Each structure stands twice: as structure tokens, then as C-alpha cells.
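> In order, the protein sequences belong to chains A and B. Numbering-wise (this note's numbering), the first sequence opens with residue 160 and increments by one. Numbering-wise (this note's numbering), the second sequence opens with residue 160 and increments by one.
Hints were generated in silico from the structure; no laboratory data involved. A quick note: this is a predicted structure, and the numbers were derived from the prediction, not measured. Cβ atoms here follow ideal geometry from the backbone N, Cα and C, with glycine treated the same way.
Anything over 10 Å on all C-beta distances counts as not near chain A; from chain B, calculated: (1) Ser313; (2) Lys349; (3) Ala534; (4) Gly536; (5) Ala587.
Derived CB-CB ranges, DEER-like: (6) B:Ala431 to A:Met253: 46 to 52 Å; (7) B:Asp215 to A:Arg485: 39 to 45 Å; (8) B:Arg445 to A:Arg230: 33 to 39 Å; (9) A:Ala587 to B:Ala559: 45 to 51 Å; (10) A:Glu184 to B:Ala338: 51 to 57 Å; (11) B:Asp467 to A:Gly308: 40 to 46 Å.
Number of protein chains: 2
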Amino acid sequence: MATQPLPGFRDFYPTDFAFRAHIFETWRRTCQRYGFEEYDGPPLEPLELFTTKSGDEIVGQLYNFTDKGGREVALRPEMTPTVARMVAARAGGMKKPIRWFSIAQHFRYERQQRGRLREFYQLNADLIGETGPLADAELIALSIDLVRGFGLGSGDVRVRLSDRRLIRRAFELRGLTEAQQQAVMQVYDKFGRVPQDVSLLKLQEAGLASGDIDALLRLAGVRDFAQLGEGTPDAASLLEAAQPLVEARNALVSMGLGEWIDLDLTIVRGLAYYTGTVFELFDAGRTLRAIAGGGRYDGLLQQLGGVDLPAAGFAIGDVVLGELLRERGLEPEAPAPVQVFVAGVTPEDTPEVLATAHRLREAGFRVEYALRPEAVGKQLKLADARRASLAVVIGPDDRARGEVQLKDLRHKTQLAVAVAELQAALTAALAT
Amino acid sequence: MATQPLPGFRDFYPTDFAFRAHIFETWRRTCQRYGFEEYDGPPLEPLELFTTKSGDEIVGQLYNFTDKGGREVALRPEMTPTVARMVAARAGGMKKPIRWFSIAQHFRYERQQRGRLREFYQLNADLIGETGPLADAELIALSIDLVRGFGLGSGDVRVRLSDRRLIRRAFELRGLTEAQQQAVMQVYDKFGRVPQDVSLLKLQEAGLASGDIDALLRLAGVRDFAQLGEGTPDAASLLEAAQPLVEARNALVSMGLGEWIDLDLTIVRGLAYYTGTVFELFDAGRTLRAIAGGGRYDGLLQQLGGVDLPAAGFAIGDVVLGELLRERGLEPEAPAPVQVFVAGVTPEDTPEVLATAHRLREAGFRVEYALRPEAVGKQLKLADARRASLAVVIGPDDRARGEVQLKDLRHKTQLAVAVAELQAALTAALAT
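Chain A on its own, in the form it takes in the complex (with noise of 0.2 Å):
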């Protein structure tokens, strides 16, 4: 029998689901103030679903199926089109906009490497229903919220912020047929990291003028809004077409998160799909892959579940940001299973362990207690082991006077604590 789980496949033992835990609930609480309201759907669902939106060739990376009903199925490899399927079918009924997130896992048929497994969780948050340029911020300021909420700050996580409506008015002005706008933006996803001497060639070879490369290529490295128009003669179409993404920015600055932001017009996410703001959430060293992403997706509502609403999301994955959060040390520790320890000194003690321990649990307290007759030196061992905090001594001496023995596992005290204060005793026990 195997003992292994499938390749690409996680078991979370207790200290990983710990770690699991801490990263949905710091994701589950930032979105809640958000006011975004939590969803799920299948992880399994009709594999059209996912073809209508990306077409034939994911069916390649799936976890697909016929079931056993003659039904084609596929393990979910993204929630957007689930999202768009449950919006479609109450979109009437909703008051718009709509904050939605969900926490959910999701499969890929890949190759593993580093940062990449066959099975992920992501939060997707989507904001349906408003097209300003503060529902973009709004999803930009929670990402930020989503990986600041465990100590990372802006020296460790970079938001790229970019928008296709420039990108487009850029390739407008230029007349760049559809192939050379593709080369352009293999050569924007592989700026910085390639020789600039081979991107140049790409666009000659596309048959791109060289004022048109030129431009291009400025347009690559611009950081600020304020270069945006900076040499060029299209300044005025180029800053007119850029300006959804200030007034964006400027509301990410009015919260407070303007240091987190880069413009960089080299994202590249699926041309096709969005339609304004894309912006991805990158480590500062660029070591890893991209931590979160998303945008503006106007169409898609319509196309995937037959409802014409303008919508925004992304997602955060928790496979790079654990990665992220090990490195920089920020991984918390995984709390004690158990807080209080209740310990009999005899058989005879034995009812009234479990009398103790009952009711200490409904009282809120983690609570274990030895579940076989030993020496009370023994138990003590498991209460280490559980790393309980305080130990609950109870003998035949203690029950006729109506006391245990409460001993403080940390700091080596013990006293005797009557039965009816013995609740109060332990919370003020547990606080120091």
C-alpha cells in the first residue's frame, strides 16, 4: 500500500494545516473588512465550463473525465467561470455591486517546479457590477491588505500596475498589425530579463519601424505616470488613455498604499481576456513566481454565463506566499493542541477527571486527560508532549476537600485551588 499522496499532491499534517490555517484566516478576515462576502462552488463542473473561456487547449492541462453518467467533467483549474456560472443564474436578484471572494482549492495537470504543485488554493475576489477606476483600487488596496496582513511589507512585495486601454491606444497610434502586437508583448513579458539587443531584433523581424521600437521600448521601462508622455509626440492620446489608471492610483494613494505601487506596462495576462487595469503581486526580488494577479475583465460576464455585467478581479495563491512568508521567516508557530491537562492521582479519581474535563471544555478550554489508568507521573509526560500549559491534579485527598491541585506546567508552580474557582483560576493562569 502506497503511503505517499499522488505526485504534485499535499498532505497537510497538523503543523502544515496550522500554517494553512493562519494564511486562509488572515485572507478571510482582510476580505471581510472589505466588506466581500465568502462563496464556493464544486470543485468538480462540466468541463465547457472551462473550454468555453480558454478554449480546447486547457483541456490539456486538466484533471478531466467522462463520469459515470456519460457527463464530461473537470476538477476546477480556476473559479472564475464558476463565479460567472452562480452570478448568471441570480444576477437579477443581486444588488450590485457585487464583493464576492472564496477560498478554494483548485487542479492543474502540470509539471511541477518550484512554486507550482497539481493541486493549489487561491482566493478569487471579483467585483461585479461597477467599471470605475475605484473598484480597480479597491481590489488593488485588498491584494496589498491580503499578503500586508502577515507582516510583508512594500520592501518585500511590488504591485506591477498596468492597463490595457494604454496599452492598446500605444499600438493604436502605431498601427501595429495583430502579429506585431504579439511580438510586442512577448518582448514586454520578457523585459528586463533578456538582453536588450534581443528584444530589438524581435520587433525588427515583427517589421516594426524603429521610432515605433524605440517608443515601445521607453513606453517598457516607464516606473512613473509622470514619464508616461515624456518624448514623444502622442503624449496627449497616451496620458488621455492612462488616465482610469491615475485615478487609481491616486485612490491607492489616498489609502495609504501608494508606496507599494510600480507602473509597469510589460504585464502581459492573457491579451485577450482583460479589457482595462491588470496588475500582479510580485516578491521585491523577483525570485519567485508572481504571488497574485488579475484586472479588469469587462466582457467576460457576458461571454461565460450570458449576463452583461462589467467586472474586476484576481486571485492570490497560497503555494508562493508560503513560500514567500518561510523565507522571510514570518511563518508563525503552530498553537499548543491542548491548554489544560487534568491528571488522576487513583481509579477512583477517574469519574471525576472526566467530570473536570467535560466541563472545563464547555467552559472553552482545550482540554486532555489520560485515556488509561497511570502513574501521575506519566500523565504529566503527555501533558508535556501536548505541550499543555497547566496541569489539573485531581487525588482522593483533593476530592474530600473539594480542591485539585493546579500546576503550572510553564513555571514550575503548583497550588491548591478550591473546585468552584478553579475556572477563574486557570484563565488568569492561561493570561500570564
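Use these hints to put chain B onto chain A, whose structure you have.
Chain B alone, transformed into the frame defined by chain A:
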């Protein structure tokens, strides 16, 4: 494009999700009070993991397929094989007893009916490495507290308690053949739900002597430990075999949970699988399917994972429990997504609205604001739609004075508050 999920699969819209989260959170808190640690495994596992436990017959009920690497895989129909696999991989390094729980989605390709979907969530709790009746009692107590946590009482839910060792002893005392044992278990499974003469006929057909039939039907009706040995020459032997069950029951009485328990030897749960105590939780009226069930399966970890550790455990599902809670009116109202709505009077107030909203989110409030310029009245309508309790209204005059207007949307009151005192004022207002 379909707007529906696959048959037997659920969409969790925010209201549904809130109910599910209420169930999971109540479960999680309760398990933690028992010192249980949460783990999770992959929803997709090697098919062999499930057929090793349940035989090839199980495949007909699975979502199974061949993955793109040629592996035979299946969506998990239950958690126990995964636990066995995970514990086996690290058995040596783990302090016993192991107290583990998981809350995970499971999948079965079955005919849909009331209380049975094709996916369901299930809490699994296992106590591994301990053989005694106190371990069994600990699990039964946990299962009771998992329903008590929702406000259900012993008048709503009953625990039916049996023991394989006791049943086996009753069979041995009468020298029943394997086929006769099967016949008795089939009669037990339907006991009280079919006429007595049907049961009688069935046992006669299996060739049981009339004295054995009388004794076994009497045992099926016993609900009290005191009646176990009544009117039978086998009393001493039966009572000896019942000793672990009596001790488990006594432990539950010590915990104050005795009133939940019914002795009921007619529980049939995979005769080969369980080796000792078995139990099930049912709604008191028996109108629904079982809420929870489990018991001791000391040989299973050896069979599945190759490590010889005694183990007991149970599972409780979200579907039947959810039905019961709805039936009893114990479904809580979903919390309002927004506590504080921040509104601006003029477009010039937007930066201050954004700054205030972000500051309040930082402080932990659930905050929303309009994502486009709108009249205050329209902004407050959105605040109402989002069930916000409070609104903070910011206008040019307020800004000049360093103040905001705090409106209580529930009590229709309003007062001016200095910006520096806003958080304290909101906290106070929300507490009313």
C-alpha cells in the same frame, strides 16, 4: 452555457456559505476543546487506496478515472484510508494517542435522495494508539458535543451504542454459522421497522433454533444494560463481553452525557470492519438518515497502512445535520457583510472617504463605500442594502472642522464626531 452545477453538487451562495461556515466553525471549536488537531489530505487519491479497504465493489460508487500520467485515481469517498496512509508514513515519530480531525469534502457517484448528494462535507475524528473504553467514550462524547454545540439536546438526537465483541459473544454462545450471523445482522438492521413475524420467518429460514431466535430477538430489544443478562443462562458470559461498553457508558455518565445514550445492539455497520464499540447518532424521531457514526476498528491501520495501531473514529456529515438544524429553526441569520458605510458629500471628499475607510478596515471594522460619485442619499441606500449598522458621512464642512457625521442607520440618529474619536465612537455604537 449551463448556469447549473452538476447534478448532486451544490453551489454555496453567501447565505449558504455562512450556514456551512457556522457548522464548520462550531465543529472545529469543539474538536479543539477535545485536544484534536486538524489535518487534511488530497481530495484525489490513488484508486487502490479505496479498493484496498472496501474491495472492487466500491468502484461503482466512485468518481474515478485515469489521469494524464496513466494513474488510476479517484475523488475520495471517505477519509479513513487517507488517515491510515498519512499516519503510516510517520507513525514512528508521532506521540500516541494521536487525536486528529478533518473537515473535508467527499464524493460518491450515487443516486440522489433526501440527505444524500454526490458531494458532502464530513468531519472525521480519529483517536489512534489507544485501546480502552475511555478512548471510545472520548469519541462518543465528542460526537455528542458536535451536535450539542448547535443547541440540539438529548430530546433531538439519540446516540445508539453497541459493541461487536458483545454481538460476537452472543453468536458464539449459540454456535451460529457465518450465514446465520449474516441473517441475524440483516434482521437487526431492520429491527423495529418491519413486523416481528417477518423477522421471525427470516431467522427460521436461516435454520436458527427457536430458543436462539427468542434470545437474539430479545437482545435486539434491550435498551438498558441492566436487562442484558435477564432471562438467559448466558448472562455471565454476555455481561463479561459487555464490560468495555459498560465502562464507556459510565465514563459518559461522569461527563454528564449519560442521558444521550441508548443501548442498541441492532446497529449494523460493516461487520468485518469494526472490532469493538460501534455507535450512531440519529434524530430522535428517526425521520432522517444517520447524522454520524463510527466505532473501533483496531485492525484497519494494519490492513491499510501497514502499521499495527489500535484506532477508533467516527464521521459526521453536513447534509443530514443541516436538514435537522433547519427543521428545528437552528439556522443562524447570516451576519451583515458591512458594519460601517463611509459616504462622501462631494467628489472632493473622496480622498478623505478612502483614507477613512482604509483606516477603519485597519482597525478591524467591516467597511464599504460607494465606488463611483453619487448623491449621499443613494450612497446611504447602498449602506442599507448591505445591512450596515452605521454610516460615516464626510462633507467639506466636516473636513474643515476635523469632524465626521456618524449616523446610526438602525436607530435613525446622527451626531458629529471628531476624527480622532471616530474609532471609539464606532466601537461604542456597534456595541449597542
